[in-house]
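For the sequence shown, the residue numbers in mature numbering (1 follows the signal peptide of the UniProt record, and there is no 0) are -25 to -1, 1 to 261.
Quick caveat, the hints were computed from the structure, so don't treat them as lab data. Given the structure is predicted, the values throughout are model-derived calculations rather than measurements. A few of these clues could be false.
[Stated by the list, open to error] Simulated crosslink set (DSS-like; lysine-lysine; CA at most 27 Å straight-line):
{"no.": "1", "residue 1": "101", "residue 2": "64"}
{"no.": "2", "residue 1": "64", "residue 2": "151"}
{"no.": "3", "residue 1": "260", "residue 2": "88"}
[What the hints assert, rightly or not] Label pairs and their calculated CB-CB ranges:
{"no.": "4", "residue 1": "87", "residue 2": "194", "range": "27 to 37 Å"}
{"no.": "5", "residue 1": "83", "residue 2": "149", "range": "34 to 44 Å"}
{"no.": "6", "residue 1": "212", "residue 2": "166", "range": "23 to 33 Å"}
{"no.": "7", "residue 1": "260", "residue 2": "180", "range": "31 to 41 Å"}
Beta carbons: idealized from backbone N, C-alpha and C, even for Gly.
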Amino acid sequence: MKIAGNRRALRTGALALAVGLVLLAGCRREPDTTAAPTEGPATTQPDTTAPQATVDAPLELRDVIENTPQAVVGISYPPDVNRYPGLAKALSDYATAARGELQQAVDGLGNDKPTMPYELSLSFEKLLETPQMVVISADGSRYTGGAHGEPLVARFVWLPEQQQMLTAETLIPDTKGWGAVSDYVADQLRERVATRLSSDDMEPGQQQEALRSASRMIADGTGASADNFSQFQPITDPNGLITAVRFVFPPYQVGPYSDGTQTVDVPAAVLVPHVAPAYAGLFAKG
């Protein structure tokens, strides 16, 4: 797997610095280089209802830094993602939806100026690129008032040979398969909570109640449904074959906001018996 470790840190730091400079110095507004915000309600979840079709007209995605008296926008893309038009369109759609929701909040201000500028910070990073798969992460936040921003967390798995997105629904097509994934993931998350609580200075009764509360939230967020596992990224061996799938859970799905984004790696041995035959060849055997 080609992980953009140092490069990701540099790009994310640069984006944060640029947004900070905009707030401090009131830089002039840069031309908007992405599609216009959508009208009406928008969603920031990737569309996983159907495979993505080939895009005839390639998009040219470019980083964005923009500011107004009411809001700041910062978006960064991998420099060569335009090589995959269908994937580029999916990233553009996600960013456009996120901007649309920010714009709705700005429009609600009327002529008022917020105490703290509203903000959209979104970074797309390439996690993996092989002839079989290209994996992109989207991480960021959208602030429209309140104590903290709304987390933005998404993963995109593009299959260049098929020119389509690999989704949770197509990867594992039945509830039985998701039941096996659910059991494995929930056990891992509960074990983490139990380990953490055992090191806290709590009365036994308080510890048990905290574990029960955490277990309920984990059960709600890991039910045997593809919807609960829609964000994932394959982990591969040197031959590009999947040895595990890392399922990604945004804050609030399986724990409180303070726990942040959580992940669980499910080994291929658990997944392969339930993977759709069309994708079994992507996985390592044995």
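Hints the structure fails to honour:
The structure conflicts with hints 2, 3, 4, 7, although it agrees with all the remaining ones.
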